[in-house]
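For this one, chain Y is given, so just place chain X on it according to the hints.
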Amino acid sequence: MNQRSRLNLLVVQILMVSLLVALFGRLFYLQIAAGPKYRDAALSIQSRDVVAPATRGLIVDSSGVPLALNKVGLAITIDRIAIDKQPDKGVAVMKSLSSLLKLKYADIYQNTRLCGELPKGQKAGCWTGSRYQPIPITKEADPDVALQIVERSDQFPGVNAEPIAIRNYPGLAGVNGAHVLGYVGPLTDSDLAKENGKKYFRSETIGKSGLEVMYDSYLRGVPGIRTLIVDRKEAITAQGQNTAPIAGDHLVTSLDVRLQSAVETALADAVKRGRASGYTSDSGAAVVMDIRNGQILAIASYPTYDPNAFEKGLTVQQASDLFSEKKSVPALSRALQGLYAPASTFKSVSVIAAASAGYNLNASYNCPAQIQVGTRAFQNFESKSQGVMSLKKAIAVSCDTIWYRIAFDEWLRDGGLKPKSNPNDYFFKAAQSFNITQKVGIDLPSESTSRLADRAYKKSWFAQNKDFYCNYKDRASKAQQTPFLLLLAQENCVDGDKIRAGDAVNFAIGQGDTVVTPLKLAQMYAAIGNGGTIWQMMVGKAIVKTDGTVVKTMVPKKLGSLSASAATLDFLHGALREVVVSGTGAGVFAGFPIEVSGKTGTAEVFGKNLNGSLKDNTSWFASYAPSKHPRYAVVMMVSQGGFGASTSGVGVRKIYESLFGVKGNKVVPGAAIFPDGKPPTKLPKISPATKPKVAP
Amino acid sequence: MSQINARQRLYRRSRSSIFHGFDPVLTGAVALLLIIGTLLVYAATRDWYSRNGLDPQYYLKRHIINIAIGMFLAYGTTVIDYRLLRAYTPIFWGVGVLGLIVVLIPGLGSKVNGARAWIALPGGFQIQPAELAKIAIIIGMSMLLSERLHNSDEPSSRDVLQALVVAGIPVLLIIIQPDMGTVFIISASVVTIIAVSGAPSRWVAGLLIIAVLGAVVATKTGVISQYQLNRLQTFVDPTADTQGAGYQLRQARITVGSGGLIGTGLFNGPQTNGRFVPEQQTDFIFTVAGEELGFLGSGLILFLYLLVLMRGFAIARRTDDPFGRLMTIGVIAWFAFQLFENIGMTLGLMPMTGVPLPFISYGGSSMFATLIGFGLIQNVHARSRG
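These protein sequence lines map, in sequence, to chains Y and X. In terms of this note's numbering, the first sequence opens at residue 387 and continues consecutively. In terms of this note's numbering, the second sequence opens at residue 367 and continues consecutively.
One chain only, chain Y, in its complex shape (with noise of 0.2 Å):
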């Protein structure tokens, strides 16, 4: 060997034991350095879960008789990995099912596509889950079909008929309860994508709405899962690990099943009698609270829909009707969600403010047609003069014209357009101590935030809004160019952030920008029912666990309390009373055995319906009951419902009837909904088996 022959042969020695240095690097790397991070990625590639869900918690209202519940279905569903083995892909076998079901081919076999499968736009009705469980295509089939289906399983290769749980609201005692309970469903990307800290797993069920979701982490229990392992033809070839579901506890709510059935009626009826009175009577709402701690006895909204028709699958129909207009969207809670100018109820407020201006509450007043307020005339209600009278028959009969005067009076006083640095306001902070911007922190989603059209409000609007009046000729549509629209907008634009005159006594009759939910309207009267407490609304009492143990309480909480004196409250005890005996209310609960308090209102709305007629007056009554001892707060309001009294109070009266058992105008013994005269505090038994009590 010469010498470079042996130099070359170190050389070469040295680079293939590089190379072998550089492979044992290389694996290091891979093996130990990134090793956890191909671990999982081999995870996810070789591994299946399938979960088993648990069995959902019930909700049961204060006696335990159940709102929600699990019902066993007998459900027919499709193998995916089987018939997609199949030589056709399972058209045949989805065919003859599809006329065995007497349900279309093509919801068939839309309905076991994975969402993921289909383009975008046409996953309407597809599948949520996963490939490696049944896919349901009925969850309610008839069992001489299922027999068949088994029976036949040579002719129905992938297709399984087998009991199933689904969620069940039996709408006991007539009860809908569709928007407080909610209804529940497959999981959508974005619940997956939530990162609420909460791990879903894709087959599970959750709620969607109502109640159903706001206790959805406690109702939903911890599914049980099952790993497979699978190969590259995801044939299983081995198990993983194996965990038990987990039920549900059960959620106690203060309803009544016979009261909510009841207030759904009285509610129903004043719709349908409101229409009879030729008005529109779009939609409603009604609410029940337990004064004294918050607690929500019944709610109500109308119009409503099939709280089960989410669980049998809707039709396209169907889910385009909840939201349709025409049908007054139907999905919309309007005891929580809808605002609307209170009226002549928030004269209770105007009370207070009048009180603490220093107004006598016990002196007499003039109620004239009309109140020049600057270059304006503001009507009485009707245009009628009802002559001089106490303040408490003014509360009675509902006369604007008295606290026009007085809150224009007060408004010249704070400076009118210029206003002083440090305004009296006693209107505004009136209201403002009812709370009326914060939410009533009632355990349901969606709650609409009530607003209140004081200095603060007017500032953010003309903020959001100048630009628009400012350059209106530019900015407003054609239509939208009228002389006089266009002199309200130059008006807007100068003082749009100041409180007018005209703003200031809307204000004390509960007109203009002010607006409230019926659940805001009825925490007010709550307040002024119990002495001036402000409590946070709650559905759900309590969760409990399938053995009986109590997981959480809900504590009633104070929100606030009313700056009002006693001597003011008193006051309005006296002329709420009043309405009822000799006002507006008197027609409406003559005879009533039991003493109810309360106030009507009937409120202006602007704008026009969908068939182009002006919007109707929205019907409101506000109460509490018994007067001297109150315990329940009533609220009706009807939505372009007519006057306050024919369409809300006579369903209010209804619903006081059911409460506290009357018939005629006599109290039957025993037939009142809670026969102690307060709801149930005690949490009761919970068994699916439950049924309401049947009055006598």
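These are computed hints drawn from the structure, not numbers from a lab. There may be inaccurate statements among the hints.
To be verified - Computed list of lysine to aspartate or glutamate pairs in EDC-like fashion (alpha-carbon distance at most 20 Å, straight line):
1) 619/Y <-> 421/X
2) 475/Y <-> 540/Y
3) 619/Y <-> 645/X
4) 852/Y <-> 829/Y
5) 845/Y <-> 800/Y
6) 481/Y <-> 493/Y
Frame of chain Y; chain X shown alone:
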């Protein structure tokens, strides 16, 4: 005198044993690699074949038969004095080139993974002439570069040119297939043999430059097929192709990485049993070692290869015969570049090509060729002293 006698006695005695001349470390390492390979081939195929209603030992049995034939060939290669091989070298080379021509004839050669590299034989067997060509090239070049017709210690340029023709013809035929993995391995081995032969340095430098230029030109002008190009591109950017070569390479890396330090245990790898990596009993067999035997097991395989290479170098240094030395170096270079290409591809260091892992992958031609190569080294070792 007595010393020579003693050595002759030893020689004679050991000559009588069939294990005569076997380097114990080299033989032990190769034997271990064969055993590990057998287990890995079984692990790669057992579950999938039984689950799909086939004989789970189908590949195991064939692999053992291949090893038996390979060992017989290795033994035969060892006992015949390698110097006698010179006489048969032209025949060997001619058969190899003929085989490479035959595979290119449609109907005779069969195409697997884009390369026309196989001749199908009755009984489901296939042979890969390129494997035989490797041996023919190594022996042929070693012969030409070690025989001196002139009075010099180093091969002349004429010798080098002759050697390049001997290597060039089969390499061109393999380029046509195209099997770029094998072309790379042979080219690297050829340069190594020339470098160690003591030929002028300009040849080594020139060949390296030509290799680089050739690769560039081939890629640009389309001598390399689109299929080859795709594989190269996915090497540069693994996300470029999610289902083809990129998918395979990613699956291979995940499978190796998931093994961790000690692996899942033989036959227990879910990636392997799920057959997520394609070709896992042949080209991607190292993934089975990675997943089921972990860093310790696959590290052991690398260590055994290191022993094989080190023993090869020791044998090459010890022999006085230039032909034996060059042949040993050629075989060692072939093993080294082939295992680097194969494992490097599995680990994502090298582009994807279809070359088997020496001594381990399933496949008759490759097994026979590598065991003959092993036999050649043993042969040189056995005859390097006395």
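Hints, verified against the model:
1. 619/Y <-> 421/X: Holds - the C-alpha atoms of residue 421/X and residue 619/Y are around 19 Å apart, at most 20 Å.
2. 475/Y <-> 540/Y: 16 Å, holds
3. 619/Y <-> 645/X: 15 Å, holds
4. 852/Y <-> 829/Y: 37 Å, violated
5. 845/Y <-> 800/Y: 17 Å, holds
6. 481/Y <-> 493/Y: Holds, at about 11 Å.
Hint 4 from the list above is the single one not met by this structure.
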